[in-house]
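Chains as they are written, first to last, in the numbering used here: chain A, 1 to 276; chain B, 1 to 276.
Calculated directly from the structure, the hints in this document are not laboratory data. Hints should not be assumed to be uniformly reliable.
Which chain B residues face chain A? A few, computed with CB under 10 Å, are given here [to be verified]:
hint : residue
1    : Arg51
2    : Glu52
3    : Ala59
4    : Leu82
5    : Glu89
6    : Thr169
Derived DEER-like restraints, expressed as beta-carbon distance ranges [stated by the list, open to error]:
hint : chain 1 : residue 1 : chain 2 : residue 2 : range
7    : B       : Gly205    : A       : Met151    : 31 to 37 Å
8    : B       : Leu226    : A       : Ala110    : 30 to 36 Å
9    : A       : Asp206    : B       : Ala144    : 39 to 45 Å
10   : A       : Glu200    : B       : Ala114    : 42 to 48 Å
11   : B       : Glu224    : A       : Ala208    : 24 to 30 Å
12   : B       : Glu77     : A       : Gln21     : 34 to 40 Å
Even glycine gets a Cβ: it sits at the ideal position worked out from N, Cα and C.
So you can see what is in the structure, the chains are spelled out below.
Number of protein chains: 2
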Amino acid sequence: MKPARTRDGSLRRKAYQFIQQQVLSGRLRAGSAISEVGLAKQIGVSRTPVREAIGQLVAEGFLEQIPGRGAVVIQPEREDILELYELREALEVYAVGKVARQRLRSADSAALHAACEEIRAMAEGLRRSGRERLDEAEMQRFLATDLRFHMLLLRMAGNRRMMKVVADTRLLTRVFSYRREGHDAALLDRIYQYHHGVLEAIEAGDAARAMERLGEHIRVSMQERLETYERWEREHELNRIMPLPTSVLAQLEPQGGAPPAPPRPRVRSGAGRTAP
Amino acid sequence: MKPARTRDGSLRRKAYQFIQQQVLSGRLRAGSAISEVGLAKQIGVSRTPVREAIGQLVAEGFLEQIPGRGAVVIQPEREDILELYELREALEVYAVGKVARQRLRSADSAALHAACEEIRAMAEGLRRSGRERLDEAEMQRFLATDLRFHMLLLRMAGNRRMMKVVADTRLLTRVFSYRREGHDAALLDRIYQYHHGVLEAIEAGDAARAMERLGEHIRVSMQERLETYERWEREHELNRIMPLPTSVLAQLEPQGGAPPAPPRPRVRSGAGRTAP
DNA sequence: CGTTAGTATATCGTATGCAAGTGCGTACGT
DNA sequence: ACGTACGCACTTGCATACGATATACTAACG
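Could you put the whole structure together from the sequences, leaning on the hints where they help?
Printed below as a string of structure tokens:
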């Protein structure tokens with residue numbers, strides 16, 4: 001009970017990261033309610049830091065507070081994907097336009113080229129290995145590299161707030177895709193082409209082209225994401241009608257699941273979302 | 001001590017609005033440190049809701065937390081104005097493009113026209129009155145009308161997150177301008193022209209023109225804001241060398257608020273008086 | 001058998017107590 | 001007189017206690 005007062009907001013951060021991990025990794029499913037006390041016990045701290053962490057996550061859009069129920073993980077809807085990608089498009093396109101209009105520092109150029117080439121290398125490596133898709137670790141690395149490219153552009157635009165909004169947005173996007181299959185070589189190629197095209201346009205000082213390219217890149221990504229979402233949605237829908245036995249579910253989800261194993265098999269009555 | 005438990009976060013809201021008011025109205029000067037206990041006593045609640053309110057305001061960018069010092073009101077810098085307006089430009093321009101590409105509902109059109117005309121009417125009224133500038137109440141009304149026009153556009157674009165970011169951004173912008181002189185008729189005219197032009201382009205379905213117009217409008221606004229900021233900055237600099245007597249300051253700042261009205265001294269740093 | 005009232009419990013919002021870190025003033029020693 | 005070290009009062013972070021409320025379950029009644 002006395003885990004060494006650390007004076008910094010350590011416990012709060014701990015709680016924050018814990019919950020965020022739970023959400024991002026999918027251990028906490030969308031719609032599942034979490035209570036302050038439960039989490040506090042799990043993490044081993046009191047309600048206060050947990051409460052603050054929850055408040056922050058609500059503000060950031062990961063959780064939603066329902067009056068008598070507690071905080072629940074947001075139900076990702078199709079509309080949300082659209083909104084998040086639109087936000088990215090608006091900001092990143094603006095930023096790349098600004099970057100293209102200013103002179104590119106050589107160090108920045110090098111960093112962009114590196115991030116760009118790394119993706120090409122991954123595609124090549126994948127082809128050489130003979131496998132079809134990136135495995136989980138490679139996928140993580142790809143995501144980091146992709147993120148680096150985009151965030152580098154944002155940073156060069158020199159607007160910290162814009163950077164933060166996009167960063168938050170991208171983090172939030174991950175909630176929708178905690179389980180998706182790895183990219184294949186063709187997709188990596190396409191992404192590389194887009195990135196490379198944007199970079200080329202920037203170095204040519206052609207702002208309009210850079211903006212158009214990047215915008216298209218983001219729109220295409222959104223399209224792909226929407227498709228995987230809809231696929232997932234169909235499976236989920238099916239699951240709602242004929243739920244799989246828990247033993248099978250456990251195999252499908254090799255996560256180290258919830259230890260306390262909620263004693264109450266709560267079924268959310270009336271998840272009244274009307275799909276179009 | 002027993003102010004009617006309202007079950008919602010009433011006290012927290014109270015604290016939030018109180019502090020926000022203090023900051024927006026300029027009663028709490030930039031850089032002044034505020035403490036949880038001091039505020040709690042002023043508002044008449046305990047530390048907890050105040051603490052949460054402060055947390056939210058920090059997250060929203062109104063306050064900044066400094067380790068050993070507490071929370072201080074942000075020091076608005078020139079760079080911040082640039083960033084905030086850039087953000088608005090990126091998002092609003094994107095939104096107006098989207099709106100122009102879709103069909104405008106007649107109700108929306110009417111609302112936009114109304115917001116547009118209201119500004120023209122204000123310009124006309126000002127001219128008719130023979131006065132030079134808008135007084136404070138009129139200025140408030142103008143700001144509300146201007147905000148309404150812009151937010152209507154955002155709403156029509158149908159992206160709630162985008163709307164929220166812009167709303168927060170505009171609110172934050174007000175920290176920089178809690179004291180500025182009212183617009184004159186010529187400025188109102190210019191603003192009207194921009195709004196009208198945007199609206200015209202939207203109704204013509206000319207997305208590119210609408211975007212260009214709105215972008216220019218925002219850039220011009222930023223320019224004006226920068227100039228007033230620099231003017232203010234010069235005065236502030238002068239103030240630092242030769243501060244005005246508090247009696248004069250009191251006249252410059254028409255306080256309305258606190259019922260208990262403890263003789264609050266100028267809290268610059270430290271302070272924390274246990275008064276009543 | 002269905003409906004309603006009562007109770008029990010989980011949940012939140014708020015208040016308060018306690019411990020730790022930091023800056024500033026002061027007093028003491030050289 | 002100057003430098004140093006101590007102490008105090010301030011600050012936050014965390015834990016816990018308390019009160020109110022809404023939901024869910026149960027039991028009794030029409």
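So which of those numbered hints doesn't the model satisfy?
none
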